[in-house]
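Trainee: Spelled out, the chains give:
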Amino acid sequence: MSEDKVLLKAEDLKMWFEVRRGLFAEPIPLRAVDGVSFDLGVAEAVSVVGESGSGKTTLGKTILRLYKPTGGKLIFKGRDITTLDEKDLMWYKKETGLVQQDPYGAMPSFMTIYRILEEPLIIHKIGSKEEREEMVFKALEEVRLTPVEDFAFKYPHMLSGGQLQRVAIARALILRPSLVVADEPVSMLDASVRVEILTLMRELQEKRNISFIYITHDLSTTRYFSEKIFIMYAGHLIERGPTKSVLRNPLHPYTRALLSAIPDPDPENRKRFRDVPPGEPPSLINPPPGCRFAPRCPFATDKCKREEPPEIEVEKDHFVKCWLYAFWS
Amino acid sequence: MANIVLSVRDLYLYYRTRKGVVKAVDKVSFDLKRGETIAIVGESGCGKTSLARAIIRLLPRNVEKFDGVISLNGTDVMKMDEEEFRKRVRWQKISYVFQGSQNALNPVIKVGFQIAEPLMIHKGMGKEEALAEAKKYLRLVGIHESFLDRYPFELSGGMRQRAVIAMALVTNPDVVILDEPTSALDVITQANIINLLKRIKQEMNISYIFITHDVPLTSELADRVAVMYAGQIVELSDADEFYVSPKHPYSEKLMASVPTLRTDKKLEYIPGTPPSLINPPSGCRFHPRCPFAYERCIKEEPPLAETSKGSLVKCWLVHEGKR
Amino acid sequence: MSSSRGFAKSIINTLRELVSYKSGVLGLIMLLLLVVFSIYTIVTIPMDRAIAMWRGEGDMWIENPRLAPPEWIQFFVGKNLPKTMKFDSREISLNVAKSSAPVVGTNMRKVHIEFTFNYEYDDFPSELNMFFSSNFSKTTGAPIITITWVKPSGDRINLGDYYMTDNKYSLYFVIDPITRALVSYVRQNYGVEPSDLITNIQFLFGKFTKEALQKGNLEVEKGTYKVIIDATVFGNADLDCRMIVYGDVYGIAGTDHLRRPLEIALMWGAPVALAFGLTASLVTTFVEMIIATLSGYFGGLLDNLIQRVTEVYMVLPFLPFLILISVFYGLNIWTLLVVVIILSIFGPGIKSTRALVMQIKEYPYIEAAKAYGASDLRIIFLYIIPKILPPIVPGLISAVPGYVFLEAALALLGLGDPSLPTWGKVINNAYEQGALYKGYYYWVLEPSAFLIFTGLSFALLGFALDRIVNPRLREM
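Protein chains in written order, with numbering that gives the first Met the number 0: chain A, 0 to 328; chain B, 0 to 322; chain C, 0 to 475.
Hints are supplied without guarantee of correctness; some may be wrong.
[Claimed, not checked] Below, simulated BS3-like cross-link-like pairs (lysine-lysine); rule was C-alpha separation at most 25 Å, straight line:
1. A:K153 <-> C:K8
2. A:K72 <-> C:K369
3. C:K386 <-> A:K153
4. A:K243 <-> B:K265
5. A:K13 <-> C:K369
6. C:K369 <-> A:K124
7. C:K78 <-> A:K76
8. B:K18 <-> C:K360
9. C:K369 <-> A:K128
10. A:K128 <-> C:K8
11. A:K8 <-> C:K369
12. A:K137 <-> C:K369
13. B:K264 <-> A:K243
14. A:K67 <-> C:K360
15. A:K270 <-> B:K197
16. A:K206 <-> B:K265
17. A:K93 <-> C:K360
18. A:K153 <-> B:K18
[Said to hold, decoys possible] Here chain A is said to cover these stretches of chain B; the calculated rule only asks that three of the stretch's residues, wherever they fall, bring their Cβ under 8 Å from a Cβ of chain A:
19. 11-20
20. 36-44
21. 60-66
22. 177-188
Calculated directly from the structure, the hints in this document are not laboratory data.
Since we're looking at a predicted model, the values are computed, not measured.
Glycine included, every Cβ here is placed at the ideal spot set by N, Cα and C.
Build out the structure end to end from the sequences listed, making use of the hints.
Mentor: Rendered as structure tokens:
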């Protein structure tokens, strides 16, 4: 991707946490994000797919600099933001937005919707009181919470999950960011509401030319939402590429397993068993050497168990981290 | 009719709350054959968990109305008092797999003992004998027998859910109610658990009542599908019919709102807000959100009537042959 | 925009919910009574007056009976108990007669005062005193007073001659000369040796029978009594007499050993208790909340430090410290308040609040605030504290009685503010005077009842508030 179209660049990004097993034990690292590299373009929507414990949520938070990376580099609009301190990051907080999984937990229960939306503006000293009022009302309109006067002075517990998630989206967008991270934004919502919210996010993303990182464990929603997919497993980005490519031609055995594990509504499903690998994702504290999926992989070789595979481009922009494709490079 | 293991007729469960009476289960009826799986699918607040709780009679304190006929192998268990139900029905004939294994497992008691406990309580087995049975079931659900002496926190999420399934199966019940049995699990672990449930269904000929909001997942186990909306069953069809062409407008919209991996389709969403269970809409409860609703739908509640294909649908349009 | 409107609304909602609980209604009513009572007290008896009255300068309370229970006690006892009667020669009435005439040929005058009254009570008076005032000059000479006691039975007893030693002279009828006069009268006129057990008052007001006099169990003689005072004054001096026949009971609350009406202390105890308890509790809770929040939010070294300090505080004996400080430095009520607060701010409340803060710190909305750039301080004060405030309030209310009792306990031990009339002080006086041994139960029971009432009102309120705030304790 040409440099001026790159919004965010991650180079071997690492986010390790110190975990203490006992009172006097040595702290050992939990390697939530263990060497992730990617490019994110301007106005590009990417789905980061992984199961719980894959590190996808930590990746999202590290990108927002809610954590300080323990290794590697994070470059935003050409600026290295890896080691910046809190006080030097206020401009970055204006450039980014966050939508979280739990709509009720994400809102302070004692503030009105108006106040919740006003907060980011107040913190960044944007506008006068009247100007902020206009901005808040416009934000509510944009997420289709109308009539705005009705919603503005309600408290979070008076709204449904779907409505609150719209407020969360409005809040994430009110500072006019270039990048939004949405962490499982619809997994706590009802099925019939999910599509509505995802559609709204997609519309706003396209209209405002915002880059979106959509974190999810639900592969089925990715093709409706993003141009690119990143597949995460045990802290590694094991496959990435255009959504269509990855879904049509999954390269990594894990991606294949994911796809075969997800049912579509088909009455024949009950008559057959699914071909999925056994076991569960490894602990991030003591990951196995070599490829992290090797213990469960039906195609694992000795090399897979010893050495970590490099990233290999198999088709255009479609990368995979797997020894099975070693001869491609 | 001899192979109908569970028959529910006109089941009511209302709760008393500060804001009014919640009509969680409002005149629900269905049959379950031996070895058959019926899926109860609906969104949060439609009453499906209340229905499950009603069948196994795990009720909270604020029950306003609990009525109807629940026949188990021909016997009306609603007539039993609490003590008799506990001894003879709950966990003997009907057991329950809870959503989220942490809700079912006692963190300070060893796993083996917890699986053995229903045998000691309901079948009066001694400790040694019960633990030996428990070992058998651990093997059945794919947990190594060394885990008999471990505590729940030592097991992974998937293994905990398997243990909970073992706990539900250990008394060899006729019916197992699965309440969102895989919601907290990874997709691959979920597939493994579903494989397990399929195997058990085949080997033990158990009837499942599979409750979930995840429509595609129901197709993994369901022989028949019941769609719940606002405390009522609005459609009850065979799986072969349902996934291909759902009859009720709500079922149809629900299917249309679910993203699929393998087919390209335009996603739709259902406008409006979910109905209140305290003050449900008049007539057909779906009418405020139904694109096909006309005056009869607003005024009169349609019956759950049988269509030519053998499905039961609660809709005037279907009843009058307009769909 | 509407957070203050919302705050007011939430208070109204809470009140509405409060009255749905019986304990809440009761607690609220009791608290309201206390507050109204306190306001009334402060308005009618301003603080400096109360302190002055309690100090009892000079003879402020001399006309009150000593250690008298409240008047309403007679309903329980069943007798018609004597109330204090006052006679003053300056106020001529049916009961009081005064005349004076010069003695011809001398510079002397004879002043004649007569007090007449009906005694219908079922019990003896507690005391009898006479207060003479005369404007004589020392050079001309002090007046000589002769007192004659006339009983309904007709007995006329000469109680002796007395010299006024000063312009104001008090004659207490318990003194020996009067005793001697009474005993010798009985010997002479009844021919018996009266028992040692008979007090002067019993002689003066008792029915004389040989048997009763010997045994010492005289009955009260009801009827008309006359007290005759004949005084000889010199020069142009005048003489007045004020006779107080002290009742057994006094007022609505009784009196203490210094004749002070207990109602003053009982009334003033209320605003003191409320102010002390509420202030101590409010300030302590508020400071504790901030400390706990800083500790829980920032963690690390600060958290460690604060927690260790708190633990040391919790182990140290609070009351002995307080006693030490009070003994060495003396305390008035305001200093006591400050010291109590300082000794309480690192209390156990910090542990539970900190646990709450550590939980809330992990909530998604805190993370969201960090994502849009909220500073730590902003998060603490605008995001965390409003969330932890509701669960803290019941604790705040429930802690008030503890501080009220603390102040009372200190006063009881004699370490409180010595000048302020409080409930604790009354119990302290009662304890020092051995009230319970001597049967002056009202002296202890009255302040205790007020303390219990106050404690109960806050406890009930706190209990109801706890039910509201803590949803798990709610009834369905």
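Trainee: The structure should be examined with respect to each hint, and the outcome stated for every one.
Mentor: Now the hints, each set against the structure:
1. Among the hinted pairs, K153 (chain A) with K8 (chain C) is consistent with the structure: their alpha-carbon atoms are about 13 Å apart, no more than 25 Å.
2. For the given pair, K72 (chain A) sits about 21 Å from K369 (chain C) by alpha-carbon distance, which is consistent with the 25 Å threshold.
3. Of the supplied pair hints, the one linking K386 (chain C) and K153 (chain A) holds, its CA atoms being roughly 17 Å apart against a limit of 25 Å.
4. Distance restraint check for K243 (chain A) and K265 (chain B): the Cα-Cα separation of roughly 16 Å lies within the 25 Å cut-off, and the hinted pair is therefore satisfied.
5. Our distance criterion of 25 Å between C-alpha atoms is met by K13 (chain A) and K369 (chain C), whose separation comes to about 21 Å.
6. Straight-line distance between C-alpha atoms of K369 (chain C) and K124 (chain A) comes to about 16 Å, which keeps the hinted pair within the 25 Å bound.
7. Distance check on the hinted pair: K78 (chain C) and K76 (chain A) sit about 98 Å apart at the alpha-carbon level, beyond 25 Å; violated.
8. Pair hint K18 (chain B) plus K360 (chain C) does not hold up; C-alpha atoms about 32 Å apart against a cutoff of 25 Å.
9. Distance hint between K369 (chain C) and K128 (chain A) is fulfilled; the C-alpha atoms sit about 22 Å from each other, no more than 25 Å.
10. Between the alpha carbons of K128 (chain A) and K8 (chain C) the distance comes to roughly 23 Å, so the proposed pair stays at or under 25 Å and holds.
11. Of the supplied pair hints, the one linking K8 (chain A) and K369 (chain C) holds, its CA atoms being roughly 22 Å apart against a limit of 25 Å.
12. Between the alpha carbons of K137 (chain A) and K369 (chain C) the distance comes to roughly 23 Å, so the proposed pair stays at or under 25 Å and holds.
13. Distance hint between K264 (chain B) and K243 (chain A) is fulfilled; the C-alpha atoms sit about 14 Å from each other, no more than 25 Å.
14. Between K67 (chain A) and K360 (chain C) the alpha-carbon distance is near 18 Å, which keeps this suggested pair within the 25 Å criterion.
15. Among the hinted pairs, K270 (chain A) with K197 (chain B) is consistent with the structure: their alpha-carbon atoms are about 8 Å apart, no more than 25 Å.
16. Restraint check for K206 (chain A) and K265 (chain B): the C-alpha separation of about 20 Å stays at or below 25 Å, so the hint holds.
17. Pair hint K93 (chain A) plus K360 (chain C) holds up; C-alpha atoms about 22 Å apart against a cutoff of 25 Å.
18. With a CA separation close to 19 Å, the supplied pair K153 (chain A) and K18 (chain B) stays within the 25 Å bound.
19. Residues of the region 11-20 of chain B with a Cβ under 8 Å from some Cβ of chain A number 0, which does not satisfy the need for three, so the listed coverage is violated.
20. A count of 3 residues in the region 36-44 of chain B with a Cβ less than 8 Å from any Cβ of chain A is obtained; the coverage claim is therefore met, three being the minimum.
21. With 0 residues having a beta carbon nearer than 8 Å to a beta carbon of chain A, the region 60-66 of chain B misses the requirement of three or more and the stated coverage is violated.
22. Given a C-beta distance limit of less than 8 Å, the hint that chain A covers the region 177-188 of chain B holds, as 4 residues qualify and 3 suffice.
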